[in-house]
Amino acid sequence: MENHKSFNEVEESIKNELSKLQRPRIEALKLIMENVPEKFVQKLHDNYLGESPTRAVLSAQFHATLDSAEKEELLSILSKKIIDYENNTST
Numbered sequence: 148m149e150n151h152k153s154f155n156e157v158e159e160s161i162k163n164e165l166s167k168l169q170r171p172r173i174e175a176l177k178l179i180m181e182n183v184p185e186k187f188v189q190k191l192h193d194n195y196l197g198e199s200p201t202r203a204v205l206s207a208q209f210h211a212t213l214d215s216a217e218k219e220e221l222l223s224i225l226s227k228k229i230i231d232y233e234n235n236t237s238t
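Counting in my numbering, the sequence shown runs from 148 upward without gaps.
Keep in mind the hints are simulated off the structure, nothing from the lab. Idealized CB from N, CA, C, for every residue including glycine. Treat the hints with care, as some may be off.
Claimed, not checked - In silico EDC-like links for lysine to aspartate or glutamate, alpha-carbon gap of 16 Å or less:
no., residue 1, residue 2
1, 190, 159
2, 152, 185
3, 218, 198
4, 186, 156
5, 227, 185
6, 218, 185
7, 177, 219
8, 186, 158
9, 177, 217
10, 152, 181
11, 162, 174
12, 162, 185
13, 177, 159
Said to hold, decoys possible - Here are the simulated distance ranges between beta carbons:
no., residue 1, residue 2, range
14, 214, 237, 32 to 42 Å
15, 235, 211, 12 to 22 Å
16, 193, 234, 16 to 26 Å
17, 233, 167, 29 to 39 Å
18, 198, 233, 17 to 27 Å
Produce the complete structure using the sequences and hints provided.
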């Protein structure tokens, strides 16, 4: 289960899915995103998978491999997790 992995393991899972597929299996990536531990979501979003590519290899793969709709769908999962996390920690 993704919730017990380190950040590097989560990053590797995403890289592996992006690199081994001609046409990414969005469902596999969605499952990974849904199971990213809350403590990694903000870092993953801001430094790797945000709206614009960064210099990180994962970021380049994510932005080059996925079309706009796929990126938007995956980023919405992360954004929802960020909002949920913020709401849970602010109370």
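Taking the hints in turn, this is what the structure says about them:
no., hint, result
1, 190 x 159, "holds, 15 Å"
2, 152 x 185, "holds, 12 Å"
3, 218 x 198, "holds, 8 Å"
4, 186 x 156, "holds, 14 Å"
5, 227 x 185, "holds, 11 Å"
6, 218 x 185, "violated, 19 Å"
7, 177 x 219, "holds, 11 Å"
8, 186 x 158, "holds, 14 Å"
9, 177 x 217, "holds, 10 Å"
10, 152 x 181, "holds, 13 Å"
11, 162 x 174, "holds, 15 Å"
12, 162 x 185, "violated, 19 Å"
13, 177 x 159, "holds, 15 Å"
14, 214 x 237: 32 to 42 Å, "holds, 35 Å"
15, 235 x 211: 12 to 22 Å, "violated, 34 Å"
16, 193 x 234: 16 to 26 Å, "holds, 18 Å"
17, 233 x 167: 29 to 39 Å, "holds, 34 Å"
18, 198 x 233: 17 to 27 Å, "holds, 18 Å"
Going down the numbered hints, you'll see the structure goes against 6, 12 and 15, while the others check out.
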